[in-house]
Amino acid sequence: MKPLHAWLLGCITVLALGCTELLAPGFPHRAHLTEDRCGKPGQPPCPSCATCHDEIRHDREQKRGDPELCRRCHGEASEELFSRVRPWSHKRTEIIFSHETHLELEAFVGQCVACHTGVTKDGVEGEVFPPMKLCIDCHDDGLRADECASCHRPRDLKRLVPETFLRHDGAFFRNHGMVASRNEGVCATCHAESDCVRCHAQGQPLGLKTILPEAIDRPLIHRGDFVARHAIEARSQQGECARCHQPSFCDSCHLERGVSGQRQGALNPHPIGWVGPDAGGRNHHGRAARRDITSCAACHDAGPATNCIRCHRVGGPGGNPHPSGWSSLRSPDAPMCRYCHVP
Amino acid sequence: MRPTRIEIAFAIVVGGSVLASPAAAQPRAEAGVVEGEDLFAYSFHVETVGRLFRRSGYDPRGGLVEGGIALPLYNFAQLRIDDLDVPWGDDSIDVELGAWGNLNLGDAGPVQRLDGDVQVARIRQRFDHGYVTIGRQVRGGGAARFVRFDGAQAGVEAPFGLGLDAYGGFAVLPRWNQQPGYHLLGSAAAELVRDPEVLRAPSREQHWLVGARAYYTDRDVIDAGLSFHEQRADGGVARRTAAVDANFTPMELFALTGRVLLDVDATDVSDLRAVLDVYPTDRVVLSGSYQHLVPALMLSRQSVLSVFSTNAFDEWGIDGQWRAVSWLRVGGDAYLDRFEGGAFGHRVGGHLRLSSDGALHTVGRLGYRRVREAINGYHQIRASASLRPWSRAHFTADGFLYLYDEPISGVSTSVVGVLSSGYDVARYLKLLVATSLARSPYALTDIQGTLRVEVDWEGEVR
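Chains E and W supply the protein sequences, listed in that same order.
Here the working numbering = 1-based position in the first sequence + 170.
Here the working numbering = 1-based position in the second sequence + 97.
No lab work stands behind these hints, which were simulated from the structure alone.
Check each hint, because a few of them may be wrong.
Stated by the list, open to error - Label-pair restraints from in silico Cβ distances:
id : chain 1 : residue 1 : chain 2 : residue 2 : range
1  : E       : I306      : W       : A421      : 19 to 27 Å
2  : W       : G186      : E       : V331      : 51 to 59 Å
3  : E       : G451      : W       : V381      : 46 to 54 Å
To be verified - Over 10 Å on every C-beta distance to chain W, these chain E residues come out as not near it, computed from the model:
id : residue
4  : H202
5  : C219
6  : L239
7  : A247
8  : L251
9  : E274
10 : V279
11 : C285
12 : R344
13 : G451
To be verified - Which chain E residues stay away from chain W? Per the calculated CB distances, all over 12 Å, these:
id : residue
14 : Q213
15 : R227
16 : L273
17 : V349
Quantities reported herein were computed from a predicted structural model and do not represent experimental measurements.
Backbone N, C-alpha and C define an ideal beta-carbon position, used for all residues, glycine too.
In isolation and in its complexed conformation, chain E is listed as follows (with noise of 0.2 Å):
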């Protein structure tokens, strides 16, 4: 078998794997809580959410209710029954929480359904965690404290992933810094300042896609061939890669492989027509590099040395590099400026 079919079919496999799981049906709440046959004479008495989960006021373990009070209404099929039936979304995760505490508020008259939403609904297992923000409601205090840890288990705020308050869906990757500089207190609960730098700092030998290959979900933008494709990413997001990336972190790559321009005897990767009269011409450099310099800046930022000086110093035969309007607050002696305007 070539290894591309075999890693197609581990794929498939995987996938198959987990599609058969979604067909395991949930509880029926619904069912026991608005259907059953009950209340009148000769009928058992109705259940509540209480039947099954009193015992959950004093112990959280108890979530699943005890097998034993299905024998009362479905007899000997009772196991049989309660082995189909997929457990309980435990979101590997706790919350300190006290259901009797609660339960004793004159806000909840003893009631679950006012936090568990949509807990009747077949197969909606998922809803029966309430949402972090029907807990803000009440308790927004210790969130403007920047305190996590008084709901959450410390050891569980770094695998959380907030779904209802500071959502990190949408487009919040894309913009987590403007929201990362107002709430800084609130991003260091669960994140160190070094959680920051893994990413944005490129000094490492050793990209988060390498380290992190399970993570599926996370939106690391280098997976992939990105190697292949990385030209084409700058251009369509010009001066994105330049948030993080200094010119020199890109030449550093392209001098090992032969393509910088400040490497001896280096490949020229630009077509014909790149440099010369003709500037309008389709390929000429002047009309990708008015698109995006920082494309340029990638193999061509040398300082003094840089070699397009060589054509559009004062005087050269490239002509005035600035575009209409162009001005500066710094002086004409300061030495960047004089790399092309030698007095």
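Starting from the structure of chain E, add chain W where the hints point.
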């Protein structure tokens, strides 16, 4: 005597490897919580990643230069101590240390055999209405964008929701002991140049930055700030920027966030962003965004190319996610770019995400992306899945297929696949093995193997 880069990198690699071993982790795990009064909370994370692949070089004149087997061993270590009690304030000091080291066993290729750097090393004193942080740290957002520096940062919250943050120090350069070329951020040039004397010896004193952000917030509806940042490189202005940022959330239904970055030296807007997030229901989030960017102004003002062109581009985008049911999410985004001169580009994508918290704890994703810019473009199809059949074990498969509009190095298609399996030996010790296979314009066949060992431990000292 100050330790050299090699010595510090060696300490990180060896120390990290020892910490990441089960034998070292066990006694710490048993230490657990010390009873008594609360003194501080701590957590540390050590990550060792070993890789295996054959290194090959690309000859500029064409052809392939076969290399040897490479075995790089990468280490990352992070220590956090929070809410430390001191005589002048309970729970008022936070400490963070983060560093990486890399040891290249086997064929090291063009990079150094031993390398490393300190990411963060800072201590923060918190007060009732302010803080002071000293050491190696980061500053993000506003005019600063994202910078690392060795210095101090302080903030104060004034009455009526007003506040001020200020910072200053020496810009972090990726090396700290002034090896040739260390000032080239992330560059391997120092390793590539045969004669170190070719590179100018940098002066750390000429790389510094200062900045401040004044803000108003009512912690509910509005949050706005005005910031300034000046950064010097080799004694000259690298960046001199001012920014206005604001967030407006008048109701739960929507939030408006924006930032304008003004390059003071060029007297031009270098980056303008505005994002509108709308939450029509609990299951839907929509974002609309606009961006205006001048790429040349993203370069250091010490770069001669930064004054060559000030062409800009504008981008409009929408992004949406819909949680249809608890186990199904649908997402998509579309961005349209308009470049000066009339050219257009676009990026469009969408994905399905299926999940189940049942016995297998499954996640499946299927995505498509289309990118087109002025010269080239590609289609991407991605399929990925993860399973957690047992509480301690998980498996993932991640596959990518790329179809390029114009061939790259004569190749029109790329395929990349990654398989991983992890096992949590204990709550504080995790192992992961991964392999990847790729067929791309740069490799007929690229197979790599990865082994990762993680140690996580946290607790409180009382």
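Hint by hint, here is what the structure shows:
{"no.": "1", "hint": "I306(E) with A421(W): 19 to 27 Å", "result": "holds (25 Å)"}
{"no.": "2", "hint": "G186(W) with V331(E): 51 to 59 Å", "result": "violated (32 Å)"}
{"no.": "3", "hint": "G451(E) with V381(W): 46 to 54 Å", "result": "holds (49 Å)"}
{"no.": "4", "hint": "H202", "result": "holds (19 Å)"}
{"no.": "5", "hint": "C219", "result": "holds (20 Å)"}
{"no.": "6", "hint": "L239", "result": "holds (22 Å)"}
{"no.": "7", "hint": "A247", "result": "holds (22 Å)"}
{"no.": "8", "hint": "L251", "result": "holds (17 Å)"}
{"no.": "9", "hint": "E274", "result": "holds (27 Å)"}
{"no.": "10", "hint": "V279", "result": "holds (24 Å)"}
{"no.": "11", "hint": "C285", "result": "holds (14 Å)"}
{"no.": "12", "hint": "R344", "result": "violated (7 Å)"}
{"no.": "13", "hint": "G451", "result": "holds (14 Å)"}
{"no.": "14", "hint": "Q213", "result": "holds (33 Å)"}
{"no.": "15", "hint": "R227", "result": "holds (24 Å)"}
{"no.": "16", "hint": "L273", "result": "holds (24 Å)"}
{"no.": "17", "hint": "V349", "result": "violated (7 Å)"}
Of the hints listed earlier, those the structure fails to meet are numbers 2, 12 and 17, in rising order.
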